[in-house]
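Colleague: Residue strings, one per chain:
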Amino acid sequence: MRHTNRTGLSIACGVTAAVLITAGCSGGDTSTDDTSTPAESEPGYLAVADSSLPAGGELDVQTHIDASVATGLDPQLADLAAAWQLMSLVYETLVTVGPEFEIEPALAESWDMPDDTTYVFHLRDDVQFSNGRAMTADDVVGSLERQLELGSVWTGQLGPVESVTAVDEHTVEVALAEPYTPFLAALANVPASILPMREIEDGTLNPETEMLGTGPFVVADHRQDVSWRFERNDDYWKQDEPGVDAVNVQIVPQEAARIAALQDGSASLVTLGNVDSPALLQGASDVSVLTQANTDFYYLMLNSQWEESPFTDPRVRQAVNMAIDRAQIADVALAGLGHPTGVTPAGLPGACEPGDLPSGMADLDAARELLAEAGAENLTFELAIFSTDPAPAVAQVIQQSLEEIGVTVEIEQLEETSWNGKVYGEAPGRFDAALSWFAGYADPGMVTKWWNPDAAGFNLGFMESDAELTGLIDTVNSVPQGPERDAAITDLCAAVEDDAQMVPLVTRPSMVGYRADAVSVSLHADEGYGNPLRLLSEARMVRAE
Amino acid sequence: MTPLMEADDLAVDYQAPGRRVRALDGVDLTVARGETVGIVGESGSGKSTLGSAIGRLLSQNAQLSHGALTIDGESLFDLSAVQMRRVRREKLGFVFQDPIGSLDPTKRVGAQLRLALRGRGASLDVTGQLERVRLADPRRIARAYPHQLSGGMAQRVAIAMAMATEPELLVADEPTAALDSQVRDDVSTMIFALAAEAGTSILWLSHDLAAVGRRCGRVAVMYGGRVVEDGPASEVLARPAHPYTHALANSAPASAAPGERLQPVPGRPPVLTGPSPGCAFADRCGFAIERCRSERPRPVRIKAQSVLCHRAEELAGSAALAVHGVGSAVATTPPVPLGGDRS
Amino acid sequence: MRLFLWWLRRAVSAVATLAGVSILVFLALRAMPGGFAETILGPFASAEQQRELAERYGLDDSAFVQYWRWLQAAIGGDFGTSMISREPVASELGARLPVTGQLAVMAVLTALFIGVPLGVLTALRARPDGGGALGRLVSGLGVSLPEFVLGSIVVFVFSRYALGLSVGGYVPFADDPAGNLTAMILPAAVLSVFAISATARTTRDAVLNVLVEPYVTAAVARGESPAFIIRHHILRNAATPVVVLLSTITAYLLGGAIIVEYLFNLPGIGSYVVQAVGRRDYAVVQAGVLLAATVFIALNVIADLVVGLIDPRLGVTAEGRSM
Amino acid sequence: MSGARPGDVSGDGTSGGGAPATYPSTSEERRGVRMRIAHLTGWLRRLDWLSRCGLFCLLVLVLAALGSMVNLGGDPAEIAGGRLQPPGPDHWLGTDNLGRSLLPRLLEGIGVTLLLSSIAVLVTAVLSTALGIVAGYLGGMVNNLVMRVVELLYAFPSIVLAILVAAVVGPGRPAAMAAIVLVTIPLMTRLVRTASTSVAQRDYVTSAVVSGVRLPRILIRHVLPNVAGTIAVQGTYALSVGILVEGGLSFLGFGVQPPQASLGVLIQEGGVYMVAAPWLIITPGVVLILAILSINVVGDGLRDRLEPRETRSLR
Amino acid sequence: MTNHDGTRDGAHLRAHSGAAGNSSPVLELDEVTVTFSSGLFRREHVHAMRGVSLRVEPGETLGLVGESGSGKTTASMVALGLRRPSSGAVRFEGAPLPRRRRELAGRMQVVLQHPQWSLDPRMWIGHSVAEPLVALGHSQPGDAVRAMLEEVGLEPSFADRYPHELSGGQRQRVAVARALITRPRFIVFDEAVSALDVSVQAQILNLITDLQAEFGFSALFISHDLGAVRYVAHRIAVMRHGEVVETADTETFYTTPVHEYSRQLLEAL
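Sequences listed follow chains A, B, C, D and E, in order.
Quick note: the first sequence, position 401, residue 401 per our numbering, numbers continuous.
Quick note: the second sequence, position 218, residue 763 per our numbering, numbers continuous.
Quick note: the third sequence, position 49, residue 937 per our numbering, numbers continuous.
Quick note: the fourth sequence, position 177, residue 1388 per our numbering, numbers continuous.
Quick note: the fifth sequence, position 160, residue 1686 per our numbering, numbers continuous.
Worth flagging that the hints you see were computed from the coordinates, not collected in a lab.
C-beta atoms are modelled at their ideal positions from N, C-alpha and C, and glycine is treated no differently.
It is possible that some hints are incorrect.
Stretches of chain B that chain E covers, calculated by requiring three or more beta carbons in the stretch to come under 8 Å of a beta carbon on chain E [claimed, not checked]:
(1) 808-815
(2) 846-852
Under 7 Å between C-beta atoms, here's a sample of chain D residues computed to sit facing chain C [stated by the list, open to error]:
(3) L1261
(4) V1371
(5) A1443
(6) E1518
Here are a few chain B residues that face chain E, going by a calculated C-beta distance under 10 Å [unchecked claim]:
(7) S590
(8) D725
(9) S726
(10) R729
(11) D730
Extracted from the complex, chain A is given alone in its bound form:
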């Protein structure tokens, strides 16, 4: 229960650029043998499943947390990365994200853009839901309209959609009110899943409690917070997939227990949360740990809205922003697996260069000067964090670096739910500062939308919108990929640090361990939606002859 990775939502707009970021995967790749992953050097991949292995067998997986929370199993409401992981085994989207964040076909085999506000999707004609019914344009239209009507945060992420219409049985047209660059990226995540709308409408399926999708697996059994059993969807449209007959998922909150299971072979694939786990598993035979670079990143909320907070003065916020040593957080708290980042997630194509920002220069004298100007030399503030690893470590490094400019940080560690209540429960929120992380998504513009509290209402309790910032965010999300957008992104990153109500810190890696003697897996080197199980249907079991 400690590892509830509550993930922010964000919108990515269509990404076509293919800048490969490799920095993120260097630290944790401890793969010990390369026999089962022959193609592991393929660009953008940490590992590629050996498709020459025979299909079949059962894969035992352990992960931190179950998919279902209070929102149930409805993928369109899912806002946890953990939920996306498991739901992506059953549900699919029109498009998906490739190894280098390029948008790839999925349920739509291709798409056209007759103009910069119209998208025409050509659906595959061989897709069936696992109940055997063929997917039609009506399902797609219905699904997207359902998401737009839900009014969830993801609705906003889909952008200014004006209409969704079925052109014919296999063609769907989406019209936007204005250009929206991250649109395809936003379609590529689980909340944009295509649901069996006919079954939902006639009441034979309750998406809150049952799952019925087009994906590679169907749910055979689920015990909340204990286990899942997914069995292969025999009618799956991708050839040769899934590569295993069944996936048994156990929900194991305790990191040590997952490590133990991996070591003694009772699990073949586990997700890991501790940044030292790769090192810890170094000596274990047949165990590989891959560190996936994520666009997720930690950020600090500096409450400007609560009158008792010291951060109502922007100079104090800026000073704190400057003084925090991102490199130390990355090296110490994240064992070198994270990277300093601006508001556009480092590692994502088109993101700004964090080293050029005030936070990257670490000018402590300037920070002290700002504090002196604001009359806050002996500042003490409380930092509310939740207890999921490695957030406490990040907080403690922040504490250390702020001590350098004479600022005392008192860390208040709360369990997840209480933290939520404290930070989001009331407006203004009664806290000085808080630490959390956002999923960074697949387009640099998506996550920046959270810096406009008028759009991201959950932030209203501790920040107010800044007109300049909001303008830059809008620009970044509407200007197509190119030098103009790059310039806007650079300005945006600087503006965020100048505003300093929410300051980005470092990216957050995720780790996957697996038994090389049991399974051959595929894994992207980078991930925007916190989903290390994205390519699970490619996995093949290794059989000892």
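Starting from the known structure of chain A, fit chains B, C, D and E onto it as the hints suggest.
Modeller: Just chains B, C, D and E now, kept in the frame of chain A:
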């Protein structure tokens, strides 16, 4: 012929953290077959320790300091555990003060009596055994749990257990002290009758000089871990030869005639931490002289009694040790016969 | 009649205790910081979702109304629905009870079969002069080993070195008896270290107390052998505190061997309830705690009955001095 | 009447007598102080070697805790070296996953754990004593009421109770303390009550009642001092339970919150690093076990001292 | 230390006879019945006392004998006002016992059975003896305590000892001193000498008779030991199964007991 029981200069200490308490300080005592001996002493005099020593039932912090204790010629403290159990089974019987506590509270009376009789040649007829100790309605009692019995009934059951094997020596440690006075008489009478019938010797430990004197053939008075006076009951009661015996007899309120003032023994009993250098009673004794404090008295013969007192002979000659209210203390019932020619 | 009244009194006091427990839990849950819907759904949920949730679980009603509603349903056997799994709480707990139950039974049986003989032996070897300090040290060590230290070490050792027993990987006994046992032995062993030591200590104390009872002296004086006395007089008389302790340990374990369940990833009740506290899954916490309290009370009653069977003086139907 | 056994020769006191209210003069008060000191040393002498070892260990732990207050061994929060360094000359006990030296962390942890548990147990002792004495002495309805409440707490699974408290109060030291108090109160209240009930039946209490001594004075002058032994013994056991509860809570993340260290926090943090950096769990683990063991051993010693028991063999 | 002073002999025997005629009894139990009932629903009645009437005249010692379970301890509790009778009346100095215990403070005292529990083991002897005076509001009872200790044959220095430093006999002396320090009109001795060794018992019995001659209190002397009762009491009441079966002057009782049970008791002596 060897005496049935003989204690020879028996000394026992209790070891407590940081100190040692001497309970027996050189006891000399013999019990012949068929004899009934009363041991009289106040708390701390060592009589219970002596009783326990006879069955080697002392608690673990008790240590034999010196001396010997023999039953039928067998030196108890040299026996193995197995041999000791045989002696207990074949030759000894015990009755204790707390009648209900002496029975296992979780077992029905009949069941535990049967358990106690098993494998020792006694009759397994529970009802018969209970009848023998004159319990009315033995069947009902056999079905009862100990806590449902009165003290007198429980003590009879305990006696039945102890006497079932017709032991050679019955050690009775204040067996009637916890009983109501009416019942006391019946129980004592019964014990003596059963013993006489079986030829069992009795060692009766009590703090009540007069009561013991009525029942037993011989009385031994203990003080400070030694037997200070030992002789025929009637003699000891009527003509105590030791100043302590005398004081004890005079201090019992029952012995005082109406209007007569009691003669208390001044001071309080000693707690010995090692061998007493002299007479342990010296501090409370009206007749004590310097020698009494520095030299351990040796037994002297005063008429029928054996006495541990330096001045016994002079005092015997004077009237200093006359017992007042003698009439009331002398036995009104004759002592139980001594068992004929067996000794 | 007497028996009936005894049961009646026990029942009344049990109901009172359970009512108290349920009110306390209810109040505690409502006193937790953070609003309902916000904290349960997280920051990203829409106002619509929050409204719907509050409506579905009646969270906007006053605490009194909520409790009353819960109580009425509970009396009818309906303990509510988990907000997370949307399943009836009763069936969820029912599914987890066997795990915790098996753990408790294994640990308590171990304690019984190892702790009791150990306690008897050490009592018989006790010496007044502070001897047996070594035994005291060892048994003291047993009750001083926290589960989270011992458990961590066991998890490490057994996952690092293939020693034949698995860490985690629970399967129901009915599905795979061997697999079930290999998964349960370690957690049960970790739990039983405390249980064994506590049992041994209690047994030792009880036996020492019985050893100085006059009826034991009387049995020794009759020339009975130590084995005979232990079998016929000591075990039964020393059993009372041991029975009470074992029932307490069982209740404690059933109430949640939380740390062990957590370390070994067993789908038991304790870890479930703790998780539910974290997620404000009210119905689960309420029912879980109530279940533990019921077990506690039931075990107390059982212990009383057993004690009564062992020692007629303490029994339900114990008669006064009747003759 | 079973001879002169050490137990029944004199039932001497445990602690010093009641504080003189009216009677002794100043010289007598001085004598009282001397007697108390003599009592204390006498006490120590009569504890067996094991209990004395336990006391010694506790003393060392307390000194270590005091050391942490003057930053002995360094600042516990400072990132002083590389990550996960094994014990060596720079960092005697090695460093943790943030490069903090374990030694000052451990000292801080000992201090926090001991202080927190002690305060909690003190609170328990005060509450239990008040409740137990009143219930035990007065009996009747008061007793029923108190015992009902106690049973209520008893019926709660203790860790769930502690976690509920932590969730209500918010995790941290107050929660840990409140949890320890709630977990330890039932047993202690029960035992104090039992002891008080038996004291209430003592002749000296009856005499005092007959003499017209007021209830508060009877409770304070007669009942309290005579159940002090029970309180002391149960207090030591409660302390060991307190340390366990603190450790368990912190281990589960509901207790003391990092960066502050407690033994439970250190073990929780170290648990993950068992393979790569075993010193991170072994050292605090051993210290924790040692602390609990010492307290238990001292408690056993106290109890044996207060209730000396005869031992018997069956041979 | 002991009072071997023969001159007081016999003085007490005459003490009450003169006073009895014209003053009301110090304590009077009139048809007192005490019923124990237990259980929440079940009312099981056990009669501990059944219609017991007793009188203690000024300066008199009433001896109350009986076996265990005869109800004499309950009688003592009733006399002390520690237990309210189910029916019947208790009058102290002519008036019903007050509801508030404190109104009796100092006028009634008790000496109980167990030497090891008669004194608070955690309290100095001086404090124990002073306690009844303190309860009456005296602030400097030190001299009175020392005087009283001498009165019972103990050295004043005993005031700063603890009970465990004293023998059983000495503790009972202290208990007597404590009872007498307020010069009460009435003292209950409940098995006050039963637990003492014979050789010490006599010391306390003499002390009680001597002090009664000196202070003139009335006493209820309860014991199962007929010998002790006979020695100190002026009149004797015999209880059996909760009823008083015979009341008589000591001398009369000693020579011509009327009730069969009394005869049995005397025979067993």
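Colleague: For this structure, which hints from the list above don't hold up?
Modeller: 2, 5, 6
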